[in-house]
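Residue numbers (this note's numbering), protein chains in the order written: chain A, 1 to 320; chain B, 1 to 320; chain C, 1 to 320.
For the record, the hints were derived by calculation from the structure and aren't laboratory data. These figures come from a predicted structure and were not determined experimentally. A portion of the hints provided could be inaccurate.
[To be verified] Straight-line distance between alpha carbons at most 25 Å, and here's what the computed SDA-like set of lysine to any residue pairs gives:
no., chain 1, residue 1, chain 2, residue 2
1, B, Lys-216, B, Lys-58
2, A, Lys-58, A, Phe-130
3, C, Lys-58, C, Leu-110
4, B, Lys-268, C, Leu-118
5, C, Lys-268, A, Lys-58
6, B, Lys-292, C, Phe-294
7, A, Lys-216, A, His-11
8, B, Lys-216, B, Ile-204
9, A, Lys-216, A, Leu-139
10, A, Lys-58, A, Thr-240
11, B, Lys-268, C, Gln-88
12, B, Lys-292, A, Lys-268
13, B, Lys-292, C, Pro-167
14, B, Lys-268, C, Gln-166
15, C, Lys-268, A, Phe-130
16, C, Lys-292, A, Pro-293
17, B, Lys-292, C, Gln-166
18, C, Lys-58, C, Thr-200
19, B, Lys-292, A, Cys-106
20, B, Lys-58, B, Ser-109
21, C, Lys-58, C, Asn-198
22, B, Lys-84, B, Ala-6
23, A, Lys-292, C, Leu-290
24, A, Lys-84, A, Ile-133
25, C, Lys-216, C, Arg-7
26, A, Lys-58, A, Leu-118
27, A, Lys-58, A, Tyr-111
28, A, Lys-292, B, Val-274
29, A, Lys-292, C, Pro-293
30, B, Lys-216, B, Thr-260
31, A, Lys-292, C, Leu-118
32, A, Lys-292, B, Leu-290
33, B, Lys-216, B, Val-274
34, B, Lys-268, C, Gln-21
35, B, Lys-268, C, Cys-114
36, C, Lys-268, A, Thr-240
37, A, Lys-268, B, Ser-109
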Amino acid sequence: MKMQSARQHWHELTNTNRLCQFIDVILRSYGQVMLQNNPLSGLIFLVGVILGGYSAGKPQIGLACLLAVISANVVAYLYQLNHKAWQQGIYGFNACLIGIALPTFCENSLYLWCSIVLATILSVFITQAFNTILQQWCLPCLTTPFVLTTWLFLLATPSLSALTLQPPATSGAQFSSYSLLHLVPDSILGIAEVFLFNSTLAGIIFLAGLAVNSLKIAIYALAGSVLAIGIALLYGGQITIISLGLYSFNAILTAITLATFSSNQDVKTSFYIVFGIILTVFTQAALTTLLKPFAIPVLTMPFILVSWLWLSFNQTLNQR
Amino acid sequence: MKMQSARQHWHELTNTNRLCQFIDVILRSYGQVMLQNNPLSGLIFLVGVILGGYSAGKPQIGLACLLAVISANVVAYLYQLNHKAWQQGIYGFNACLIGIALPTFCENSLYLWCSIVLATILSVFITQAFNTILQQWCLPCLTTPFVLTTWLFLLATPSLSALTLQPPATSGAQFSSYSLLHLVPDSILGIAEVFLFNSTLAGIIFLAGLAVNSLKIAIYALAGSVLAIGIALLYGGQITIISLGLYSFNAILTAITLATFSSNQDVKTSFYIVFGIILTVFTQAALTTLLKPFAIPVLTMPFILVSWLWLSFNQTLNQR
Amino acid sequence: MKMQSARQHWHELTNTNRLCQFIDVILRSYGQVMLQNNPLSGLIFLVGVILGGYSAGKPQIGLACLLAVISANVVAYLYQLNHKAWQQGIYGFNACLIGIALPTFCENSLYLWCSIVLATILSVFITQAFNTILQQWCLPCLTTPFVLTTWLFLLATPSLSALTLQPPATSGAQFSSYSLLHLVPDSILGIAEVFLFNSTLAGIIFLAGLAVNSLKIAIYALAGSVLAIGIALLYGGQITIISLGLYSFNAILTAITLATFSSNQDVKTSFYIVFGIILTVFTQAALTTLLKPFAIPVLTMPFILVSWLWLSFNQTLNQR
Chain A
1 MKMQSARQHW HELTNTNRLC QFIDVILRSY GQVMLQNNPL SGLIFLVGVI
51 LGGYSAGKPQ IGLACLLAVI SANVVAYLYQ LNHKAWQQGI YGFNACLIGI
101 ALPTFCENSL YLWCSIVLAT ILSVFITQAF NTILQQWCLP CLTTPFVLTT
151 WLFLLATPSL SALTLQPPAT SGAQFSSYSL LHLVPDSILG IAEVFLFNST
201 LAGIIFLAGL AVNSLKIAIY ALAGSVLAIG IALLYGGQIT IISLGLYSFN
251 AILTAITLAT FSSNQDVKTS FYIVFGIILT VFTQAALTTL LKPFAIPVLT
301 MPFILVSWLW LSFNQTLNQR
Chain B
1 MKMQSARQHW HELTNTNRLC QFIDVILRSY GQVMLQNNPL SGLIFLVGVI
51 LGGYSAGKPQ IGLACLLAVI SANVVAYLYQ LNHKAWQQGI YGFNACLIGI
101 ALPTFCENSL YLWCSIVLAT ILSVFITQAF NTILQQWCLP CLTTPFVLTT
151 WLFLLATPSL SALTLQPPAT SGAQFSSYSL LHLVPDSILG IAEVFLFNST
201 LAGIIFLAGL AVNSLKIAIY ALAGSVLAIG IALLYGGQIT IISLGLYSFN
251 AILTAITLAT FSSNQDVKTS FYIVFGIILT VFTQAALTTL LKPFAIPVLT
301 MPFILVSWLW LSFNQTLNQR
Chain C
1 MKMQSARQHW HELTNTNRLC QFIDVILRSY GQVMLQNNPL SGLIFLVGVI
51 LGGYSAGKPQ IGLACLLAVI SANVVAYLYQ LNHKAWQQGI YGFNACLIGI
101 ALPTFCENSL YLWCSIVLAT ILSVFITQAF NTILQQWCLP CLTTPFVLTT
151 WLFLLATPSL SALTLQPPAT SGAQFSSYSL LHLVPDSILG IAEVFLFNST
201 LAGIIFLAGL AVNSLKIAIY ALAGSVLAIG IALLYGGQIT IISLGLYSFN
251 AILTAITLAT FSSNQDVKTS FYIVFGIILT VFTQAALTTL LKPFAIPVLT
301 MPFILVSWLW LSFNQTLNQR
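Pulled out of the complex, with its shape left as it was, chain A reads as follows (with noise of 0.2 Å):
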C-alpha cells in the first residue's frame, strides 16, 4: 500500500518536474539492462553497480556508468529521437554496461574517461540507426550498440595505444569436480556478470532489483542460470569458468527476454525457451572460439544472436 503510494507521487512528480523526469529517465535506463522499465528497480542495479566496483576493486566503475547513462540521455534529448522511448531508458541501457565495460577492460587514464563519453554517444547513434534498420523484421537491437562499441575500442587499443588494456585477472582457484552446493551461489554470480561483476552480493542486489518488479522474472532469470550451468557440465564445459557464472550471464538475458516476448505459455512456447537457453550456452562457446583470435570478449553476443532467431521464428507463429 505504502509501496503504491510511493510510486504513484513519484509518477506525478516525474509529470511536472523536470529534474525528476531525467532522474526517471537514467533510472529506467539501468533497469532496462535487464529489460524492466521500472525506476525502483533501476535505483536497486544503480547500487548494485556502485557495490560491484568497490568489490572489484575499481570504485571508479559506478562514476563511470552514471557519467555514461546521463551523456547518453543527454545527447538522445538533444537530438530529439523518439520520446517515448528516451523516456522508457532504451537510450541509456547500452551506455551503462559501456560505462561497466571500459573501466573494467581498460586502465585508468583521461584517455578512457574520453573514450566513455565517446563510446555512450557512439551508443545512441547505433541504437537509433539499428532500431530503423530491423524495423523491417519487428527486431529490438537489444545490447548491440553496447557489445559493437565496446568491441571497437578495444580492437583499436592496439593501434591507438593512448588507451591501454588492463591485462587479464588471473583466475584464483581451479576447480576438477563440481559440488551441487555451489549450483545456487554461482547461479547468482552469474545474474552478477551481465553487469560484468564477479560478486555474490551484487548477484543478490540484483536479483533483488528483478523481483520488485516482477517475480515471475526473477525466477526465469535464476533458473536460466541454472539450466545453463547444467548444460556446461554435462557438455564438459570447464568447471573454473562456470564457477564464474560465464557460462549463465547470456542465458539469464536469453531467458528473460523470451519471457518477456512470448505471449503464449504453452507447452511449445517452454520448450522453445528451454531449447534457447540450451543454445545460448553452445553460441557462448562457438563465439568463445571465433573471438579468440582477436582477444576480445564475447560479451552479452551470444544473447542477441539466439534471442533474434526466436524472436523472428515467433513472429511467424504469432502471423498464423
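The hints should help you fit chains B and C onto chain A, whose structure is shown.
The following block gives chains B and C in isolation, referenced to the frame of chain A:
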C-alpha cells in the same frame, strides 16, 4: 509407362495414408539437398548416403542422417510451420546434411547423438526464421541452417569438450601434375562431396538420382563440376584438393540453383551461370583462407553467397 | 565564362555522339570514386591515377584502371542495367578502384589481367545486387563492391597460387615524434591514399579535381584529413602510419559523403560529421586488428560502415 503409373500410385497413397505421406516428406527432404522435389531422387540419394557412410568406414552415418531428417520433420510438423513447404521437404534437407556432417567430423559418442538431435531441431527454427528475414528480398535460405548449425557445434567443441573432433584424415596420394583422364571421375567425386563423401560410387548414385528427375540438371551438375576443376587447375589450385572434388561441390550446387531459378535461356543467362561457377571457385578459395584460424571447413557457404548474389541480381533483371 | 561554354558544348556532344557519351560515362566513373558526378573532375582524377602509377614505379596501373572502368561500363550497358545510374558512372567507380588495387597488391602477370577483368565484371553484378538489397533502407552501396571483390581475390591467392601477392613495401623512415609542419603535406597524402597512392603530387591533382566541381567539398576533404591526423596523434597512433595518410583516406571519404548527403547545415549536423570522422579513425584501427590474421588491408571498409550508420541515423531525423 510403368514408371508413370508407379508414380501416380504413390501420389494417391500419400494422399490417403498418413505414414506414406510422412515417408514421402522424408524422401523429398533427401531430394532437396540438391534441390530435387522428387521422392524417387530422394530414395536414390538415401541409398547413396548409406553406401557413402559404409565406404567411409562409418556405417553409423546412414542411421544418423535418417534420424536427423525424421526429427526435423517431426518438429516442423508439431510446430505447424508452413505446411506446403513441409510437404516439399524444405524443413528436412538441412537436417540431412547435419546428420552426415556431425558424425563425419566428430567421434562417435552419446554426446554426438544428442548433438545431432539438438542441431536438427535448431536447423528447423533457423530455416523458419531465415525464410521470414529473407522474404524481403525473395531469397531462399538454401543451406544456411546446415552451415551455421554445423559451425556452431564444431566451434563449441574446444570449450564444451564432451563432443570431440575427429583428427582430420591425411589424404593419401600427393600429385604434382594433373592427368586429364581423371577429369570425369574427379567431377563425379565432386558430386559425392555435396554429401561430404569421398567415393566415386556414391557420386554415380547421386548423379543417377538427379537424372531420374531431370536430365538437364544432371548435365548442368556434371558440367559445373568439370568447369570448376578446369578453373582451379588454370589458377594454380593444389592438385590433391582438386582431385578430391573439393573445388567442385559448391560449383555443382551453384550450377543447379542458377539453372533452376533462371527462367530465361538466353546468352546473357548462360554467361552469368558460367561466371557464377567461376566465382564459386574463387569464393571457395577465399573462405578457406578466412576460416583457417578457426579450423572449420567452408561447407556450402561459397555456394550460398554466390547464389544469393546471383538471385538478387536476377530479380532486378526480371523487374524491368 | 569560357568554362561554362565548354561544358555546354560537351553536354551537347554527349547527347548526339555515342562515343562522346561513352567517354563521358568513363570520366564520370573516375569522378564518382570521390562522389563527384562531373566529367572534368573525372578527367583530372584519371590524370592523377596515371601519374600516381608512374610515381609508384608501376606504370601499368593507369592502363589497368582504364581497362577496368571500360569493361565494367560495357558489361553494365550490355545487361541494360539502370540507365540513369549508368550515365552517372555508378557502375564504374568500383571498377576504377579495383583496377588500381589489384596491380598494386599483386605481381604483374597474365593472371593479374584476367583477374582484373573478372573482378570488374563481378563488381557490376555486386553493385546491382547490393543496390537492390540496400534499397529497403535507402542506403547506397558506396565502395562495398570494390572492397569485397578485392578481398575475394587477395584471400583466394594462398589457394589459387597463379595470382601472386607483392611482398609488402617496407616503409622508409621511422619517426618518433611528429612535426606540425607535416600536417598539410600529410593531409594531402591522405587524399592520394583514397586512390591507394603514396604521392603528394597525385594528392594535389585529386584535390584540384574535387575543387573544380565544388570548392566546399575540397575544403571538407582537407579538413577531414587534418582532423583524422589530429585524432590519431592524440590517441597514440603510430607516427609512420599517420604520416603516410593511412588514417586519413577513410576519414576524407566519410567527410565528403556526410557533407554531400546532409541537407541541413545546423550545429547538430556539423557535430555529427565531426563525430563521424572521429569514429572513422577508431573503426580504421579496429578493423586493422580484425583483419590482421587474414593479412588483408582494410581498404575503404571503415568509411562504408560509418557512412551507413550515419545515413541510417540521418534518415530517422528527416522522417520526423
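Checked hints:
For the hint pairing Lys-216/B with Lys-58/B, the CA-to-CA distance comes to about 33 Å; that exceeds 25 Å, so the pair is violated. Our distance criterion of 25 Å between C-alpha atoms is broken by Lys-58/A and Phe-130/A, whose separation comes to about 32 Å. With a C-alpha separation of about 15 Å, the suggested pair Lys-58/C and Leu-110/C falls inside the 25 Å cut-off, and the hint holds. Of the supplied pair hints, the one linking Lys-268/B and Leu-118/C holds, its CA atoms being roughly 16 Å apart against a limit of 25 Å.
About 35 Å separates the Cα atoms of Lys-268/C and Lys-58/A, which puts this hinted pair outside 25 Å; it is violated. A threshold of 25 Å between alpha carbons decides the hint, and for Lys-292/B with Phe-294/C the separation of about 9 Å falls inside it, so the pair holds. Distance restraint check for Lys-216/A and His-11/A: the Cα-Cα separation of roughly 24 Å lies within the 25 Å cut-off, and the hinted pair is therefore satisfied. As the CA atoms of Lys-216/B and Ile-204/B are separated by approximately 16 Å, the hinted pair is consistent with the 25 Å bound.
Using a Cα cut-off of 25 Å, the hinted pair Lys-216/A and Leu-139/A holds, with the two alpha carbons roughly 23 Å apart. With a C-alpha separation of about 23 Å, the suggested pairing of Lys-58/A with Thr-240/A holds against the 25 Å cut-off. Taking the CA atoms of Lys-268/B and Gln-88/C, the gap is near 24 Å; set against the 25 Å cutoff, the hint holds. Under the criterion of a C-alpha separation no larger than 25 Å, the hint pairing Lys-292/B with Lys-268/A is inconsistent with the structure, at around 39 Å.
A hinted pair counts as satisfied when its Cα atoms are at most 25 Å apart, and Lys-292/B with Pro-167/C qualifies at roughly 21 Å. Between Lys-268/B and Gln-166/C the CA atoms are separated by roughly 35 Å; this puts the pair beyond 25 Å, and the hint is violated. For the hint linking Lys-268/C to Phe-130/A, the alpha-carbon distance of about 20 Å falls within 25 Å, and the restraint holds. At roughly 9 Å between alpha-carbon atoms, Lys-292/C and Pro-293/A fall within 25 Å of each other, so this suggested pair holds.
Restraint check for Lys-292/B and Gln-166/C: the C-alpha separation of about 21 Å stays at or below 25 Å, so the hint holds. Note on Lys-58/C and Thr-200/C: the hinted pairing holds, with a Cα-Cα distance of about 16 Å set against a maximum of 25 Å. For the given pair, Lys-292/B sits about 30 Å from Cys-106/A by alpha-carbon distance, which is inconsistent with the 25 Å threshold. The hinted pair formed by Lys-58/B and Ser-109/B meets the criterion: a straight-line CA distance of about 13 Å does not exceed 25 Å.
For the proposed pair Lys-58/C and Asn-198/C, the alpha carbon gap of about 12 Å is at most 25 Å, so the pair holds. Taken as a hint, the Lys-84/B and Ala-6/B pair is honoured in the structure, with Cα atoms around 23 Å apart against an allowance of 25 Å. Restraint check for Lys-292/A and Leu-290/C: the C-alpha separation of about 11 Å stays at or below 25 Å, so the hint holds. Annotation: proposed proximity of Lys-84/A to Ile-133/A holds, straight-line Cα distance about 19 Å (limit 25 Å).
This hinted pair checks out: Lys-216/C and Arg-7/C have alpha carbons roughly 20 Å apart, not beyond 25 Å. About 21 Å separates the Cα atoms of Lys-58/A and Leu-118/A, which keeps this hinted pair within 25 Å; it holds. Restraint check: the Cα-Cα separation between Lys-58/A and Tyr-111/A comes to about 17 Å, which is no more than 25 Å; the hinted pair holds. Between the alpha carbons of Lys-292/A and Val-274/B the distance comes to roughly 38 Å, so the proposed pair goes past 25 Å and is violated.
For the suggested pair Lys-292/A and Pro-293/C, the alpha carbons sit about 11 Å apart, so the restraint of at most 25 Å is met. Distance hint between Lys-216/B and Thr-260/B is fulfilled; the C-alpha atoms sit about 10 Å from each other, no more than 25 Å. About 35 Å separates the Cα atoms of Lys-292/A and Leu-118/C, which puts this hinted pair outside 25 Å; it is violated. Straight-line distance between C-alpha atoms of Lys-292/A and Leu-290/B comes to about 14 Å, which keeps the hinted pair within the 25 Å bound.
Using a Cα cut-off of 25 Å, the hinted pair Lys-216/B and Val-274/B holds, with the two alpha carbons roughly 16 Å apart. Distance restraint check for Lys-268/B and Gln-21/C: the Cα-Cα separation of roughly 24 Å lies within the 25 Å cut-off, and the hinted pair is therefore satisfied. Between Lys-268/B and Cys-114/C, the direct Cα distance comes to roughly 20 Å. Compliance with the 25 Å bound is thereby established for this hinted pair. Only pairs whose Cα atoms come within 25 Å are accepted, and Lys-268/C paired with Thr-240/A is rejected, the gap being roughly 49 Å.
Pair hint Lys-268/A plus Ser-109/B does not hold up; C-alpha atoms about 29 Å apart against a cutoff of 25 Å.
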